[in-house]
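S.K.: The chain contents come next:
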Amino acid sequence: MSLKVFLVLVLVSVGSIFGAILLGPAEIGPRDLFRALFHPDEVSRAQRLILWEMRLPRAALAFAVGAALSLSGGVMQGIFHNPLASPYVLGVAGGAAAGAAAVIASGIGETIPVPLGAFLGALGAVAMVYQLGKRGRAGMSLILAGVAVGSLLSAVTSFILFVSAGDRRLAEIIFWTMGSFVRANWSRVWLLGAAVGPSLVLLWGLGRRINALALGDEGARYLGVDPVRLRRLLLGVTTLLTGASVSVSGTVGFVGLVAPHLVRLLLGPDHRGLLPAAALCGGILLVWADALARTVLAPAELPVGVITAFIGVPFFLWLLWRRSG
Amino acid sequence: MRILLERVTAGYGDRVALREVELEVREGELLSVVGPNGAGKTTLLRVIAGILRPQRGKVYVDGRPASRLSPREISKRIGAVAQDPGTNFDFTVEELVELGRLPYLSFPDRLGPRDREAVERALRLVGLSTLRKRRLSTLSGGERRKAFIAAALAREPEVLLLDEPTAHLDIKAQVELIQLFRDWAGEGITVIATAHDLNLAATFPRVLLLAKGELLADGNPQAVFTPENVRLAFDVEADIGIDTRTGEVTIRYLLPGNGYQRGRDGGMDGDLRHALGEKPDIFGAER
Numbered sequence: 001m002s003l004k005v006f007l008v009l010v011l012v013s014v015g016s017i018f019g020a021i022l023l024g025p026a027e028i029g030p031r032d033l034f035r036a037l038f039h040p041d042e043v044s045r046a047q048r049l050i051l052w053e054m055r056l057p058r059a060a061l062a063f064a065v066g067a068a069l070s071l072s073g074g075v076m077q078g079i080f081h082n083p084l085a086s087p088y089v090l091g092v093a094g095g096a097a098a099g100a101a102a103v104i105a106s107g108i109g110e111t112i113p114v115p116l117g118a119f120l121g122a123l124g125a126v127a128m129v130y131q132l133g134k135r136g137r138a139g140m141s142l143i144l145a146g147v148a149v150g151s152l153l154s155a156v157t158s159f160i161l162f163v164s165a166g167d168r169r170l171a172e173i174i175f176w177t178m179g180s181f182v183r184a185n186w187s188r189v190w191l192l193g194a195a196v197g198p199s200l201v202l203l204w205g206l207g208r209r210i211n212a213l214a215l216g217d218e219g220a221r222y223l224g225v226d227p228v229r230l231r232r233l234l235l236g237v238t239t240l241l242t243g244a245s246v247s248v249s250g251t252v253g254f255v256g257l258v259a260p261h262l263v264r265l266l267l268g269p270d271h272r273g274l275l276p277a278a279a280l281c282g283g284i285l286l287v288w289a290d291a292l293a294r295t296v297l298a299p300a301e302l303p304v305g306v307i308t309a310f311i312g313v314p315f316f317l318w319l320l321w322r323r324s325g
Numbered sequence: 001m002r003i004l005l006e007r008v009t010a011g012y013g014d015r016v017a018l019r020e021v022e023l024e025v026r027e028g029e030l031l032s033v034v035g036p037n038g039a040g041k042t043t044l045l046r047v048i049a050g051i052l053r054p055q056r057g058k059v060y061v062d063g064r065p066a067s068r069l070s071p072r073e074i075s076k077r078i079g080a081v082a083q084d085p086g087t088n089f090d091f092t093v094e095e096l097v098e099l100g101r102l103p104y105l106s107f108p109d110r111l112g113p114r115d116r117e118a119v120e121r122a123l124r125l126v127g128l129s130t131l132r133k134r135r136l137s138t139l140s141g142g143e144r145r146k147a148f149i150a151a152a153l154a155r156e157p158e159v160l161l162l163d164e165p166t167a168h169l170d171i172k173a174q175v176e177l178i179q180l181f182r183d184w185a186g187e188g189i190t191v192i193a194t195a196h197d198l199n200l201a202a203t204f205p206r207v208l209l210l211a212k213g214e215l216l217a218d219g220n221p222q223a224v225f226t227p228e229n230v231r232l233a234f235d236v237e238a239d240i241g242i243d244t245r246t247g248e249v250t251i252r253y254l255l256p257g258n259g260y261q262r263g264r265d266g267g268m269d270g271d272l273r274h275a276l277g278e279k280p281d282i283f284g285a286e287r
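Protein chains in written order, with my numbering: chain A, 1 to 325; chain B, 1 to 287.
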């Protein structure tokens, strides 16, 4: 991979996170941030609280979700040989949300059961979409199956929350179906980080084998790669990543589609470079999408999925048009 | 590396694609495999490459049953290129050829000096060293095919299996490839290539003729390409000529209505059934 591009992405990532935490209703300038970092005694307790306990975990969570979804998207595009694949388009994120909503409605608990429910929901959606997609014509039918299953599961999510969440039902439905980082805290950041970190290392190490999948199953077999086993492992990892990110932020669409494509234009398709770079790129995109969501209609907050859809859907259509043209 | 197939029957589910094939290939041999679509050419390559286990019969590699070798072990020794190879992503030549080292690598698949050397050598063998950084989409059809062959060569195989390596290539690219195959065979690499063009296949010292999953003929081009064999396998009438200077066999297909009378019995099925002493059985297509 081009090391220079990677370094730039790392710098932009750090810059984006610290840039985004300067935005918000309470006026905090770069100088305050600098002081809070290096001379914490000179800033007020309120400012410290806003920076370290509200804005930073939120930006970090947005970054981690962007990274997780983009990794998933990049891998899905690789294994399905389909540039339109992503956790949201394939309905996997919708499955995760439905799983999480079902757990919440059942009242079993929060910290462990919700991510677990999200993972199981995502797994169910993957299985469903994969089976449905296999029946139709190659390529397109997988996407159609994903969109159909995703819509259905989003309706299921809304229904569960509508009948179970009482007064909070509209807020809950909006959170789970359109995504938001309002519930960010450090424990959610660590939870997601624990999924993203090891996955990133694993996927980077498998990058060459993911490349081999692009030769088709027979081509991969001739290289001593078992494509069925590899795909199963990769689907497991992407499902885990998607489930984990949905469980902390609801379904945020299209980041997982856009980021891997931008990186492919920049670095080429080699997954060893593509996946880590897509993770960073997705993180950056989502940090800024969240910053926009918090500020454009301030003091009201838009669901972040609205922003990502505004950016992502034209991109999706462009890919579709370019592909058929 | 010596390959021995003992009464190998192979197929996909209920469909038999290869029937009772006996074959012995010695080190450094140059073989072409011909036959109509669905004759079992690709299946034969898959069986030799170890990615399709025979339903009956045995494959031996240097006297050892191939079933005892792991797919990884086999892929180190046998390099194969699928029919019409392509990728879903626009890799560079180098990225593609590096994939050829995968059988030797393990997580996280980093290349060592030994691997880089092999990649280097493979690029040189096909003459693509200077194009290594180019993306596949910017290459000509012949160059792209060579890049895929280089990926197979990168694992320094003893046997090279190529499924229609010359398909869709212009004549110059075809001739270049054949010349390369001869060079490699001279270095002890066994090359087995399927082909649709019988004249091209006839430039190989040994030809296998498959029809409906059976090995109809095996030998030098003169022995294999007889008018009878061509009729039996392809249901086409042909004139076989021999170049008096080089001894090369040339095959000319005769078109109906151009003043020749086809055999009274005509159709392939009847002749083939007769020749093989088989009941009429449709073995089905290759894929």
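If you're looking for bench data, these hints aren't it; they were derived computationally from the structure.
Owing to the predicted nature of the structure, the values given are computational and were not obtained by experimental measurement.
Glycine included, C-beta positions come from ideal geometry on N, C-alpha and C.
Some clues are possibly wrong.
Listed next, with one range per pair, are the computed distances between beta-carbon atoms [unchecked claim]:
| id | chain 1 | residue 1 | chain 2 | residue 2 | range |
| --- | --- | --- | --- | --- | --- |
| 1 | B | TYR60 | A | ALA155 | 56 to 64 Å |
| 2 | A | GLY29 | B | ARG134 | 43 to 51 Å |
| 3 | A | LEU320 | B | ASP239 | 23 to 31 Å |
| 4 | B | GLY127 | A | PHE38 | 56 to 64 Å |
| 5 | A | ARG232 | B | LEU139 | 30 to 38 Å |
Here are the simulated lysine to aspartate or glutamate pairs, EDC-like style, with alpha carbons at most 20 Å apart [unchecked claim]:
| id | chain 1 | residue 1 | chain 2 | residue 2 |
| --- | --- | --- | --- | --- |
| 6 | B | LYS58 | B | GLU73 |
| 7 | B | LYS58 | B | ASP90 |
| 8 | B | LYS76 | A | ASP217 |
| 9 | B | LYS58 | B | GLU22 |
| 10 | B | LYS76 | A | GLU27 |
| 11 | B | LYS58 | B | GLU6 |
Simulated coverage check for chain B against chain A, where a stretch passes if three residues somewhere in it have a Cβ under 8 Å from a Cβ of chain A [stated by the list, open to error]:
| id | region |
| --- | --- |
| 12 | 19 to 31 |
| 13 | 55 to 67 |
| 14 | 97 to 103 |
S.K.: All hints, please: hold or fail.
M.R.: Going down the list of hints, with the structure as the test:
1. B:TYR60 x A:ALA155: 56 to 64 Å: Holds, since B:TYR60 and A:ALA155 (Cβ atoms, about 59 Å apart) stay within the stated range.
2. A:GLY29 x B:ARG134: 43 to 51 Å: holds (50 Å)
3. A:LEU320 x B:ASP239: 23 to 31 Å: The hint (23 to 31 Å, Cβ to Cβ) is violated, given that A:LEU320 and B:ASP239 are roughly 53 Å apart.
4. B:GLY127 x A:PHE38: 56 to 64 Å: Roughly 59 Å apart at Cβ, these two residues keep to the hinted range, so it holds.
5. A:ARG232 x B:LEU139: 30 to 38 Å: holds (33 Å)
6. B:LYS58 x B:GLU73: holds (17 Å)
7. B:LYS58 x B:ASP90: Not OK: B:LYS58 and B:ASP90 at ~39 Å, beyond 20 Å, violated.
8. B:LYS76 x A:ASP217: The hint holds at about 18 Å.
9. B:LYS58 x B:GLU22: holds (10 Å)
10. B:LYS76 x A:GLU27: violated (64 Å)
11. B:LYS58 x B:GLU6: holds (5 Å)
12. 19 to 31: violated (count 0)
13. 55 to 67: violated (count 0)
14. 97 to 103: holds (count 5)
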